[in-house]
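There are 2 protein chains.
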Amino acid sequence: MPSNISMGMEALSLMFTSQPIGFVSSPYKNTSDVPKGLGAKHEADGVLKILSDFEPGLADIEGFSHLIVLWEFDRANGFELSGMPPSDNRPHGVFATRSPRRPNPIGLTIVELRCREGTELHVRGVDMLDGTPILDIKPYLSSIPPEKLRRGWLADAESRQT
Amino acid sequence: MPSNISMGMEALSLMFTSQPIGFVSSPYKNTSDVPKGLGAKHEADGVLKILSDFEPGLADIEGFSHLIVLWEFDRANGFELSGMPPSDNRPHGVFATRSPRRPNPIGLTIVELRCREGTELHVRGVDMLDGTPILDIKPYLSSIPPEKLRRGWLADAESRQT
Chain U
4 MPSNISMGME ALSLMFTSQP IGFVSSPYKN TSDVPKGLGA KHEADGVLKI
54 LSDFEPGLAD IEGFSHLIVL WEFDRANGFE LSGMPPSDNR PHGVFATRSP
104 RRPNPIGLTI VELRCREGTE LHVRGVDMLD GTPILDIKPY LSSIPPEKLR
154 RGWLADAESR QT
Chain G
4 MPSNISMGME ALSLMFTSQP IGFVSSPYKN TSDVPKGLGA KHEADGVLKI
54 LSDFEPGLAD IEGFSHLIVL WEFDRANGFE LSGMPPSDNR PHGVFATRSP
104 RRPNPIGLTI VELRCREGTE LHVRGVDMLD GTPILDIKPY LSSIPPEKLR
154 RGWLADAESR QT
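Here the protein sequences line up with chains U and G, keeping their order. For the numbering used here, add 3 to where a residue sits in the first sequence, where the first one is 1. For the numbering used here, add 3 to where a residue sits in the second sequence, where the first one is 1.
Chain U extracted, bound-state conformation (with noise of 0.2 Å):
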């Protein structure tokens, strides 16, 4: 491993790119139409849709009940490495948090595929913003059992609240 040092150099010099796969079809146009904060519920039904070109890549995808969803903040400015989350009062770090104002703007979010339709993939469980712009699928294969779980401050935020 390179020294922490040369490894800041590295990182300067590398830069990746990515375009969009396809687009989010969502309830929701703007952010403040997004359920946020503690016991927010993500039950909206959407669409993904994917480009034409892409359409081979999504073969047999149709197996699986749960999609996660790579997407670009497209509409979030600049990162903020703390801050308070909608679902506490108190500061926390932006890699303890789901916050869009990240260094590397790319949102996940867990999707249940109700059906496909060609390049349309019909899903519930969307909280992104309408015209999202979709980066990547990949198929949710297993669970971490919830007993074997923490969540840290977010069931601290909640313990206070109760």
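Keep in mind the hints are simulated off the structure, nothing from the lab. Be aware that a few hints might be false.
Straight-line distance between alpha carbons at most 20 Å, and here's what the computed EDC-like set of lysine to aspartate or glutamate pairs gives [said to hold, decoys possible]:
#1 U:Lys32 x U:Asp48
#2 U:Lys151 x G:Asp91
#3 G:Lys151 x U:Glu65
#4 G:Lys151 x U:Glu115
#5 G:Lys151 x U:Glu58
Given the coordinates of chain U, assemble chain G onto it according to the supplied hints.
Same frame as chain U, now just chain G:
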């Protein structure tokens, strides 16, 4: 939503960039070292070495038992929309697999956070190559219950093997 043709035109003009927030220290030096295929276990210990500029973003991350790591398949060459995964002898669409040869070569790994030492996150469950650039870290907050999960061709491939 734009039509499919204007969607394609819009996508061509959209390009997003990302830069490493750190690098993975992993026992795997070559692709052939990484366990693959059905029943492959990812229990290797590794370190997520975050660049010191981003250290404030790690505040409170220690409270989470599991993290979602997004990273760049920086040694993948090009992409293939349909391919044969190591876990099956039939081809599947790239978005129904974890293939590194994706249109946007972004990898995702769920790791268990064992401890943090400053900018170093000691984790279990790495499947990345040594030196892999890290793009983002998010807390793993909840799981899909196993009884709600369908695993498509992977479940079929497993049942054909037994």
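Verification of the supplied hints:
Note on Lys32 (chain U) and Asp48 (chain U): the hinted pairing holds, with a Cα-Cα distance of about 14 Å set against a maximum of 20 Å. Distance restraint check for Lys151 (chain U) and Asp91 (chain G): the Cα-Cα separation of roughly 30 Å exceeds the 20 Å cut-off, and the hinted pair is therefore not satisfied. Of the supplied pair hints, the one linking Lys151 (chain G) and Glu65 (chain U) holds, its CA atoms being roughly 15 Å apart against a limit of 20 Å. Note on Lys151 (chain G) and Glu115 (chain U): the hinted pairing holds, with a Cα-Cα distance of about 10 Å set against a maximum of 20 Å.
Among the hinted pairs, Lys151 (chain G) with Glu58 (chain U) is inconsistent with the structure: their alpha-carbon atoms are about 26 Å apart, more than 20 Å.
In the structure shown, a violation is registered for the earlier hints numbered 2 and 5, in ascending order.
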